[in-house]
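Put the complex together from the two separate chains, hints included.
Spelled out, the chains give:
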Amino acid sequence: KQEVTQIPAALSVPEGENLVLNCSFTDSAIYNLQWFRQDPGKGLTSLLLIQSSQREQTSGRLNASLDKSSGRSTLYIAASQPGDSATYLCAVGKAAGNKLTFGGGTRVLVKP
Amino acid sequence: EAGVTQFPSHSVIEKGQTVTLRCDPISGHDNLYWYRRVMGKEIKFLLHFVKESKQDESGMPNNRFLAERTGGTYSTLKVQPAELEDSGVYFCASSQVGDRALYTFGSGTRLTVV
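If you read the sequences in order, they're chains C and G.
So that you can map any letter, position 18 of the first sequence is 18 in our numbering, and since no number is skipped, the others follow by simple counting.
Every position in the second sequence, counted from 1, becomes a number in our numbering once 112 is added.
Next comes chain G alone, as it looks inside the complex (with noise of 0.2 Å):
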């Protein structure tokens, strides 16, 4: 079973510029997640999909993070105008809709911006 594959593995961007994050999840893992780690801090939730709906998009830190996840497959996640704050790793994670499905993690993404 292929596991949770997250590209690309690392992004070097300037101050203002897009990058899309893409995330593809298990087969059959209909919740998916976006987190991320900033320098020095702990990995913090951004949001949380059931299929192709936000179920939970509470940490999202601001209107410049757009998530999607079309037709519940894989999912992008886009960061327009990217700031030198939004440096960090973006991890995604899938599960299976069930009380005691476990999370796997992706490698993540290592965004740096400049």
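If we strip away everything but chain C, and leave its shape as in the complex, we get (with noise of 0.2 Å):
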């Protein structure tokens, strides 16, 4: 049974500092993992996709890495801005259209 945690729960910095979120899962075995934004009282958003045959995606500034023989992934958001301020939740999906396995999320202040 897949296990998706991400570590830490909650991240506070000040604006202009890069963040780092970590996510780990326990099967290697994945199709994709995808990394969302949500702010309070409204849905998901996503923010980035990684094809298990990938090792990074690029979006503006942000950058999710996918170590898949270590069950790992790291999403980076350079020069943090209070805007950023969100919970970001990583999900592993196990094959296409399948059914997404969810991390408990980082919930990020950026402090102006």
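Source of the hints: derived by calculation from the structure; they are not laboratory data.
None of the values given here were measured: they were computed from a predicted structure.
When the alpha-carbon atoms are kept at most 20 Å apart in a straight line, the in silico PhoX-like pairs for lysine-lysine are as follows:
hint, chain 1, residue 1, chain 2, residue 2
1, G, K190, G, K127
2, C, K94, C, K1
3, C, K1, G, K156
4, G, K166, G, K156
5, C, K42, G, K156
6, C, K1, C, K68
7, G, K166, C, K94
8, G, K190, G, K163
9, G, K156, G, K190
10, C, K94, C, K68
11, G, K190, G, K166
12, G, K153, C, K42
13, G, K156, C, K94
14, C, K1, G, K153
Taking CB as the label site, the calculated pair distances span:
hint, chain 1, residue 1, chain 2, residue 2, range
15, G, T130, C, P14, 48 to 56 Å
16, C, T45, G, P173, 24 to 32 Å
17, G, K163, C, Y31, 15 to 23 Å
18, C, T45, G, T224, 18 to 26 Å
C-beta: ideal position from N, C-alpha, C; glycine also.
Below, the structure is given as structure tokens:
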């Protein structure tokens, strides 16, 4: 049974600092991994999708790496801004179109 | 393009009552998923439709939950009778069929059973 863990559960940084969010999963036989952002009272917004054959994906200030063999992914957010304050979730899928298994999320606060 | 729409956004019902949640996926998305997050826990999968067929319902907690997707368009999730432990946020997501399809989530329905 796949288990996904995100550490830390909460993180507070001053504006401008780089953010490093960790995600680990127990079963390395994944098809893809996705990072989401959730704002309070809102739905999940997809940030980056990494296929199992990829090592990383980049979008603007966001970079996500994937080390499938060790069961880890890291989301880097460069030069954090107060608008980056949200909960960040990672989720893994076992096959195309398959259900996602989520981690508990990391709640991020970027202080001005 | 309209996103995934869920309603109601909030629902407060008494234990023993029935509640029906609705999800309208993005037009053309054959995959539709229900997930829920109960207080303090991770988001958990409930079930997956491909068009009108249930592809995977392994996450449905018990037979008080009934999901339908009429004509492969919108979906409903009925809880009957509701129990206190059913409280949480119910999310719907949709995606196109395809190996790189991104999931698009709705804003969720916050269900409170009192």
